[in-house]
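Build the full structure now, drawing on both the sequences and the hints.
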Amino acid sequence: MISLLLKRISHGLLVLWVVATLTFLLLRLAPGGPFDSERKLPPEVIANLEAKYHLDEPVWQQYLRYLSAIARGDFGPSYKYLDRGVSEIIADTLPTSAVLGGLALLFALLIAFPAGLLAAYFRNSAIDRLCMFVATLGISLPNFLLGAFLIWLVALQLGWLQVGRWDDGLSAILPTITLGAAPAAYLAALLRSTLIETLGEDFVRTARAKGLQESIVLVKHALCHSLIPVLTVMGPLAAALLTGSFVVEYVFAIPGMGRFFITAVTDRDYPLIMGVTLVYTALLVCTNLLVDVLYGYVDPRIRVQ
Amino acid sequence: MRDPTPAKSITLNPILALCAAYLALVLFIAVLAPWISPYAAGGLEEQRLLENPSWTHWMGTDGLGRDLLTRIFYGARVSITVGLGTSLIALVIGTAYGLVAGFKGGNWDHFMMRIVDIFYGLPDMLIFILLSLVFGRNIGGLLVALALVSWVRFARIARGQVLQIKELLFVEAAGALGASRARILLRHILPNLVAPLIVTLTFSIPSAILAESTLSFIGIGINDPYSNWGTSWGTLAQDGYRAMRSHPHVIAFPAAAIFLTILAFNTLGNGVRDLLDPKQR
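Chains as they are written, first to last, in my numbering: chain A, 17 to 321; chain B, 7 to 287.
Mixed in with the good hints there might be a few duds.
Below, a list of computed lysine to aspartate or glutamate pairs in the EDC-like style, where the Cα atoms sit at most 20 Å apart [claimed, not checked]:
hint, chain 1, residue 1, chain 2, residue 2
1, A, 23, B, 123
2, A, 23, B, 115
3, A, 96, A, 72
4, A, 236, A, 213
5, B, 172, B, 245
Keep in mind that the hints were calculated from the coordinates and are not lab data.
Here the structure is a predicted model, which means the values were calculated and not measured.
Okay, structure coming up:
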């Protein structure tokens, strides 16, 4: 288990290094610079700006400077927000995105587990078909459209909630549903197919033959066994929540990291783009590590290997 | 092993037939947009801003007085090109890569799949946004960027299948009969990959369309309203989103186009998977 963990951590560090290097190279290749504007700046001003941000150094020197800085957790200055560094912006906006992502994940799990269980248990019934129909709709409906539709229906037509604010619990409802809907649909469909397979296994028949209550058979024997595939998709799911948050924060005007990322891309604020990319990658690497540890708990066979 | 039933059951299943018919219609519109559109691309009518649907403008007009039906027709070109184009590029690159990795095995396989793992773990959208900074916001750059993101799925599927198939007896027999490695790979192993690759392809098309329309919606996708390529449905939805409070029709039509197209591809994908791999049902 320890050696597996060490291997995973080194793999994670490798991923971070590759992403840091690739982002650095990509942004050096990108046409146009952060200081291109409608009105051309005088060459002296450009030279001064480049000297300030070390853009006049050879590329390899910039690369080493950048790597050693991020190793110390310093993502450098932002080109756009002159009063705040990139690390500061990330520290300010990450909690908002994390809350939104956490709520959406919770929402997805709360919907997916009952729906998946019901659909699998009453396989090929009307309930099953309804659940899977809704799941297909959920997977196919892009989150920006769902968000726009919810704003139109709940805020503009019905007037139940206000949008464009992020201050109390009520303002989180619509963004949470928007971000969590696709993962909920995806998880429900996955859980259903795994459970159907599990319910046909011999140990489930044995559990029933022993005269156990149906609820215990379903939850303790079948559901626990079906958790492994669900855990496996947690990594991609976390990735989906992260990128989903770009869109949802944009649609609902939430001051999170995703929204800053989008504006950084349109502004060509390279240090901010690199900083946010690395934070996202680090989050994913940590999620995958956590999933690997959880595997060991859910499936004792993996711990032994 | 050639079972004639698959083609038959597609026509028998009304939902799948409906999806296929809808997608054929979208394809038809995408190809023939300049000839069947009721108005010229980019034609403005200053007197008719944000008009509701009527007999002259079936889907109404947008904030600049452009006919929405025409814009949707042209937008189909973007979606279809992106969906099919990226998926086909990714299919070719990914399959070749996976075939080589799986067939070579050993350290080669380990190294090649480590690269795939790194790409696979990252969010598509993130890589894609970074790549679009380099390649620019035109349809060619978008195709390259999206293909670079989605080839790993094909590589993983192909490699996994090759690992299984190359141990089978008929491969050994072909080798014993003196077939070259290239011949074994192309004549004996590749045909067995067709079914899972088709399923992956069917699901990869809607996710490319989804990625493209999402990027366009948040303002970093294709935006080129005056060329024959038209404007992405995602950009149309973005335009409509701004006018949603007073004129919901401007977002409703592009939204329906995006949703129905993705839904049709996903439903068709599920159908194809069930047909080709009955165990999954």
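Now the hints, each set against the structure:
1. 23/A x 123/B: Satisfied, since the Cα-Cα distance of roughly 14 Å is no more than 20 Å.
2. 23/A x 115/B: Within the cut-off at roughly 18 Å; holds.
3. 96/A x 72/A: Since the Cα atoms of residue 96/A and residue 72/A sit roughly 19 Å apart, the hinted pair holds (cutoff 20 Å).
4. 236/A x 213/A: 15 Å, holds
5. 172/B x 245/B: At roughly 52 Å apart (the allowed maximum being 20 Å), residue 245/B and residue 172/B break the hint.
In this structure, the one hint that does not hold is number 5.
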